[in-house]
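Asks: Sequence:
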Amino acid sequence: MERISDIIESIANEKNLEIEDVKERVIRALINTAKRVYGENYEYDVSIDANKNLKLYQKISIVANDDERLAEDNEHFLSLKEAKKIDSGVEIGDELTYELSLDNLGRTAAQTLHKELEYHIQRLVEEKILQKYNEMSGHMVFGPVVRVDNDENTFIEIDELRAILPRKNRIKGEKFKVGDVVKAVIRKVFTDKNLGIKVELSRTSPKFLEALLTSEVPEIKDGGIIIQGSARIPGERAKVALISTTPNIDPVGATVGTKGVRINAVSKELHGESIDAIEYTTEPAILVARAMAPAIITSVKIEENKAIVTLASEQKSKAIGKNGINIRLASMLTGYEIELNELGSKTSSSGENGEMVKDLKALFGDN
Numbered sequence: 001m002e003r004i005s006d007i008i009e010s011i012a013n014e015k016n017l018e019i020e021d022v023k024e025r026v027i028r029a030l031i032n033t034a035k036r037v038y039g040e041n042y043e044y045d046v047s048i049d050a051n052k053n054l055k056l057y058q059k060i061s062i063v064a065n066d067d068e069r070l071a072e073d074n075e076h077f078l079s080l081k082e083a084k085k086i087d088s089g090v091e092i093g094d095e096l097t098y099e100l101s102l103d104n105l106g107r108t109a110a111q112t113l114h115k116e117l118e119y120h121i122q123r124l125v126e127e128k129i130l131q132k133y134n135e136m137s138g139h140m141v142f143g144p145v146v147r148v149d150n151d152e153n154t155f156i157e158i159d160e161l162r163a164i165l166p167r168k169n170r171i172k173g174e175k176f177k178v179g180d181v182v183k184a185v186i187r188k189v190f191t192d193k194n195l196g197i198k199v200e201l202s203r204t205s206p207k208f209l210e211a212l213l214t215s216e217v218p219e220i221k222d223g224g225i226i227i228q229g230s231a232r233i234p235g236e237r238a239k240v241a242l243i244s245t246t247p248n249i250d251p252v253g254a255t256v257g258t259k260g261v262r263i264n265a266v267s268k269e270l271h272g273e274s275i276d277a278i279e280y281t282t283e284p285a286i287l288v289a290r291a292m293a294p295a296i297i298t299s300v301k302i303e304e305n306k307a308i309v310t311l312a313s314e315q316k317s318k319a320i321g322k323n324g325i326n327i328r329l330a331s332m333l334t335g336y337e338i339e340l341n342e343l344g345s346k347t348s349s350s351g352e353n354g355e356m357v358k359d360l361k362a363l364f365g366d367n
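Residue 1 is where the sequence shown starts when you use full-length UniProt numbering, and the numbers rise one by one after that.
I should point out that these hints are in silico values taken from the structure, not numbers from a laboratory. Hints are supplied without guarantee of correctness; some may be wrong.
[What the hints assert, rightly or not] In silico DSSO-like links for lysine-lysine, alpha-carbon gap of 30 Å or less:
no.	residue 1	residue 2
1	K188	K268
2	K35	K115
3	K221	K172
4	K132	K15
5	K322	K301
6	K115	K59
7	K23	K128
8	K318	K207
9	K132	K183
10	K81	K35
The whole structure should be built from the sequences, with the hints applied where relevant.
Replies: What follows is the structure, encoded as structure tokens:
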């Protein structure tokens, strides 16, 4: 094939792909075309000559002079005697190659090659897009709303594709209309057999909170502060654990900002979600005590995956929070099942991973 290297460079530039990746797909398309034109059962190979043109070859196996396959198939197999006339150094089991040309086979071969190229290049483009967005999982993206369907799923244009923000991944009370610019994080990327690449977005994931904080707080973006963990009840309340990589940065103060300007900007994007920022520590008891804020904790005892928290009776409602939100978030953030003891007498407990074992609202009222 003449000028195939020009075709490869043209495709690579047009589709923003690597030349070597395109070359591999062009070779695959060329071999598939040869199979359709010359026969499925033949062996083919492609090489690049000194002028950077791809050459297509058919392979033929060298067999013994009396091999019975010669009588039935003299295109795949060549006797050793005949092969010696071409190359005196060959032996049984070696292969000879013959250059083939698709240029002289007319319109059918050209159409076949065109379809093969289209198919393989499109698959390559999709693979690159899939890889790109898989690597962006958990990162924030934004774009205009282009459609809202009857199920209130929101479709958002981001770069080269249309992503979906399902209703379940939307903060309660949020509604979007066509033209709105929406921020979200990439939650999941997958391939649908009929619809192609699908990118699912989320505004309810803790990763969205972390992405917003990263964009709002320069110290987090620059690596001076690390988000060690976060937990959310979307639209209501969240907790985030922060650690400084340098002693001259106060992780909580820097994240909250002067007069709360930074944390308030994030809260506004989350429809007024209250955000508690605490300083992370590797000491579990101290971490749990901090996570229980605004309640003041008397002591914490760690027993395997359980944290037994002792506190004064007047701190009980703060520790539990409205509808049990505070204790649930503290459990989610720290990874411990939290059990409350009111001045030595057990009063309540939270389930593992932040789920309430008892109905705290019924026990202590809606505080």
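Asks: None of the hints should be skipped; say for each whether it holds.
Replies: A quick look at each hint next to the structure:
Taking the CA atoms of K188 and K268, the gap is about 25 Å. The hint holds against a cut of 30 Å. Taking the CA atoms of K35 and K115, the gap is near 14 Å; set against the 30 Å cutoff, the hint holds. Under the criterion of a C-alpha separation no larger than 30 Å, the hint pairing K221 with K172 is consistent with the structure, at around 28 Å. Between K132 and K15, the direct Cα distance comes to roughly 14 Å. Compliance with the 30 Å bound is thereby established for this hinted pair.
Proximity of K322 to K301 is assessed by CA-CA distance (about 24 Å); at most 30 Å being required, the pair is judged to hold. For the proposed pair K115 and K59, the alpha carbon gap of about 24 Å is at most 30 Å, so the pair holds. Taking the CA atoms of K23 and K128, the gap is about 15 Å. The hint holds against a cut of 30 Å. Our distance criterion of 30 Å between C-alpha atoms is met by K318 and K207, whose separation comes to about 26 Å.
Between K132 and K183 the CA atoms are separated by roughly 18 Å; this keeps the pair inside 30 Å, and the hint holds. Proximity of K81 to K35 is assessed by CA-CA distance (about 28 Å); at most 30 Å being required, the pair is judged to hold.
Of the numbered hints given earlier, the model fails none.
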